[in-house]
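Novice: Sequence:
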Amino acid sequence: MTNDKFATDHLLSSTQQKCLSALLDTIMPAAEDGSMPSAGKMDFLGFILAQAENFMPALVQILDQLDEKFANDPLAARVARLEDFARADKKAFNRLLVRVYDCYYQDDQVRVLIGIKPGPPFPQGNTVEPGDLSLLDAVVERGQGYRR
Numbered sequence: 022m023t024n025d026k027f028a029t030d031h032l033l034s035s036t037q038q039k040c041l042s043a044l045l046d047t048i049m050p051a052a053e054d055g056s057m058p059s060a061g062k063m064d065f066l067g068f069i070l071a072q073a074e075n076f077m078p079a080l081v082q083i084l085d086q087l088d089e090k091f092a093n094d095p096l097a098a099r100v101a102r103l104e105d106f107a108r109a110d111k112k113a114f115n116r117l118l119v120r121v122y123d124c125y126y127q128d129d130q131v132r133v134l135i136g137i138k139p140g141p142p143f144p145q146g147n148t149v150e151p152g153d154l155s156l157l158d159a160v161v162e163r164g165q166g167y168r169r
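If you want this note's numbering, it's the position in the sequence shown, counting the first as 1, plus 21.
Source of the hints: derived by calculation from the structure; they are not laboratory data. Heads up, none of these hints are tricks.
The calculated label-pair distances, taken between Cβ atoms and stated as ranges, are:
| hint | residue 1 | residue 2 | range |
| --- | --- | --- | --- |
| 1 | Ala109 | Gly152 | 52 to 58 Å |
| 2 | Pro144 | Asp123 | 19 to 25 Å |
| 3 | Leu156 | Pro50 | 38 to 44 Å |
| 4 | Asp129 | Asp105 | 30 to 36 Å |
| 5 | Asp105 | Gly164 | 43 to 49 Å |
| 6 | Glu104 | Leu156 | 43 to 49 Å |
| 7 | Asp85 | Ser59 | 21 to 27 Å |
| 8 | Ser56 | Gly140 | 19 to 25 Å |
| 9 | Asp123 | Leu32 | 15 to 21 Å |
| 10 | Lys138 | Ala52 | 19 to 25 Å |
| 11 | Gln130 | Glu104 | 25 to 31 Å |
| 12 | Val100 | Asp129 | 24 to 30 Å |
Beta carbons are placed, not taken as given, at the ideal position from N, Cα and C, and that holds for glycine.
The whole structure should be built from the sequences, with the hints applied where relevant.
Specialist: Dropping the structure here:
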């Protein structure tokens, strides 16, 4: 009996890894002039494990719908398959897009390339006087807007 799943240090099989790389490169390919990297150059799996580990089962389900042919297809064929997937399972596709965009635009290399200083936007934090609730005035003025 053969089984293509082996116990390894990798969370994804080799086919799933190839499909993930092709999937990321399809969603956000590199700029033709080389000025921007593709999403496949990001540490997407590391990002998911650190930031959204609960997305892993959904990612595996998405990858299981792809095959090695997808990884080897030209970009136009991969785009067509992704369009079909997006129509068939809009919710799963949108969740995937959000994760890809989050990973891509939080990468320091990409942030520098688009003119944003890497790192947290307020590295020294914001000064808030203890007991000063005036920062909440705008929220209070909006009134109650939930579960009326």
